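Asks: Just so you know, the sequences run in chain order A and B. Each step along the first sequence adds one to the number in numbering that gives the first Met the number 0, with nothing skipped, and position 125 is 124. Each step along the second sequence adds one to the number in numbering that gives the first Met the number 0, with nothing skipped, and position 117 is 116.
Think of the hints as simulated: they come from the structure by calculation, not from any bench. As the structure is a computational prediction, the values presented were derived from the model and not from experiment. Even glycine gets a Cβ: it sits at the ideal position worked out from N, Cα and C. Check each hint, because a few of them may be wrong.
To be verified - Derived pair list, reagent style DSS-like, types lysine-lysine, alpha-carbon separation capped at 30 Å:
#1 Lys85/B / Lys373/A
#2 Lys193/A / Lys175/A
#3 Lys441/A / Lys85/B
#4 Lys441/A / Lys326/A
#5 Lys410/A / Lys193/A
#6 Lys326/A / Lys193/A
As the list claims (entries may be wrong) - Quick list of the computed label-pair ranges, beta carbon to beta carbon:
#7 Val341/A / Ser40/B: 48 to 56 Å
#8 Phe436/A / Arg119/B: 53 to 61 Å
#9 Trp440/A / His203/B: 32 to 40 Å
#10 Trp440/A / Ser40/B: 32 to 40 Å
#11 Gly400/A / Ser74/B: 50 to 58 Å
#12 Ser92/B / Gly400/A: 31 to 39 Å
#13 Ala135/B / Pro417/A: 49 to 57 Å
#14 Arg189/B / Val341/A: 55 to 63 Å
#15 Val341/A / His203/B: 51 to 59 Å
#16 Arg119/B / Leu327/A: 50 to 58 Å
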Amino acid sequence: MMLYTTARTAFRTLRRNPMRAMLTTLGIVIGVGAVIAMMEIGAGASAALKKTIASMGANVLVVRPGTASSGGVSFGAGSTTTLTPEDCQAILRECPAVRNAAPMVRARTQVVYGNRNWVPNAIYGTTPAYLDVQDWSILAEGEPFSDRDVLNGNRVCILGQSLVRELFDNESPVGKEIRIKNIAFRVIGVLTPKGANMMGFDQDDVILAPWTTIKYRVTGATLSTANQSTATASDSVNTLSNLYPAVKRGLYPEQSSVQQADNPMPVRFANIDQIMLAANSSAEIPLAVEQITGVLRERHRIRAGEPDDFNVRDMAELTRTLSTTTKLMTNLLLAVAMISLVVGGVGIMNIMLVSVTERTREIGLRMAVGARGKDILRQFLVEAVVLCLTGGAMGIVIGHGGSLLVQALLKWPVETSPAAIATAVLVSAGVGIIFGFYPAWKASRLDPIEALRYE
Amino acid sequence: MELITLRGIEKTYQMGDIAVPVLKGISLAIRQGELVALTGSSGSGKSTLMNILGCLDRPTAGEYWLDGQEISTLSADERALLRNRKLGFVFQSFNLLARTSAIENVAMPLSYGAGHLSEREARERAAEMLTRVGLADRLDHHPAQLSGGQQQRVAIARALINRPPVLFADEPTGNLDSKTSEEVLQMFERLNTEDRITIIMVTHDPKVAGHANRVIRMQDGVILDDAPPTAGANPNTPAGAP
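With the rest of the complex left out, here is chain A (with noise of 0.2 Å):
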């Protein structure tokens, strides 16, 4: 009640000088306005490189298995021939923090259209699960391959923008049927364009396939094929009908039946270069990884104290060094907009300190009247406080519009941010305070008798 009285007289007070007011409240205004737009500008980029760096595949991880070796020769990463599809679907069915798993495997080698010829980057075996942990379901033409399509290993694949290009002459290749290895594919889809990642690597010049049209029709490799980078090579399987491996190796060491008794082993029927996931968000990744590597390391027997014949990899490292560095530069505009909210509060400070003394008799009038020292220096501080949160209101609009404007003009993304504005009306309170307190205690100590007298 004592407040709002004083609040209005302040008010009063203020609207006796508005053009001196309103200067006044300029730096303040400018000041917010700018803190305002840096945060909502800054919040608008952060969240539109979180965006991107998900669609990058940030919260992609990658399970690739352990690394062979023999004789103290090491094959290298992903030679040993662990992973199963069903381990795919393990993965699906018990970690909760994994939105989506798509086993996969690799080949490369020529594709042949017509009279013209490619070899893909990478021609992916996989299943529809991949268009969604890559974020890349929606196609430019065409429809993705289904289930189906991969449970009956049908000859059908989706093409990159390159192949597009290369093989189609920027054609429509919906319906028409390529070669790989000899096999026909019918095109069904068209992926749109990703262009290049981070390490320069065209991610459009793919092919994605049913992962078990590409492994037992184009590679057929099964899981004797120890060593990847020889498969294609050497197992040279190029029938158009053979959809079961042709020739029935031992994969075991020929077990006893008491071994067998001892030992039930799951019959393994093929095995998967990689299998990749999608995190429900980049902050359960940690959490993923965990439920993956306990989940692999149960179904692949592994005894604890073992090492892992697995490798689960994410690219946290690269959010985590995005994230920084918006999170670095929205700082440090912020940095720059306080200090003009210090300098707009200095102003408020001079100011105030020109009314102190402009209103001199004023203050002596009031204090022979029957204000005390403190009623003085609330009058003031409530002044001080009234010119800084309008100023701080008026802020907040130009700041917003600011950033609207931005977004209008410039196109660059925005968020609103309730806590930007909190602050900021804070902020403009709280400088209010620190500034207004010295010229309000300067008045609350005048000499009533001097002050009255002055001139």
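Based on the hints, put chain B in the right spot on chain A.
Replies: Just chain B now, kept in the frame of chain A:
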């Protein structure tokens, strides 16, 4: 009943190393309902005495009893509260708040009062006071739109808003022409007789002092002379006044 009693009031200003005595032992008593003029040449200490009487300043030595309360030992905040409740001030230069309406000027002391009035009550009381000083049709005028006499009447209304028993006027007619001076002084007399408000005026004008029913003349920090005015006694002198 004695409203104001001073006993041996002294005031000494410290100018560097030199102590300058301004009041040298003032003793006097003022009853309720008196209209007192405090006169004397400049430097006689009448303003200093006025400041002490008005509780704006504290005496260096001596006792000051106001309405049965010893004032000289009160803190600044206590004196402020006392000024608000028991004293009214009228100044030579009016001291109205510029660009503020008459009614707001008059209501201003209420915001520091102990008795909390609502905004509406405060405005009503201020309007009533302005009506009493004959400015009922000037409530929303700003000081710049009022004549000197009207401004001083606004100041009187402001001084009376808290219904104080004592009104101090420091050269109330110093900035007014003789006709409006007369009006203001007649208002003082009316307040004095009708509302029994004790009025203490500082003036060096013998004509103004003539309206009082008691004139205290000061010289060099002491009371030279304390008597009814020479130029025709005021008929309203309360019984028992010296």
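Asks: Could you tell me which of the numbered hints above are not met by this structure, giving the numbers in increasing order?
Replies: Result: hints 4, 8, 12 break, sorted rising.
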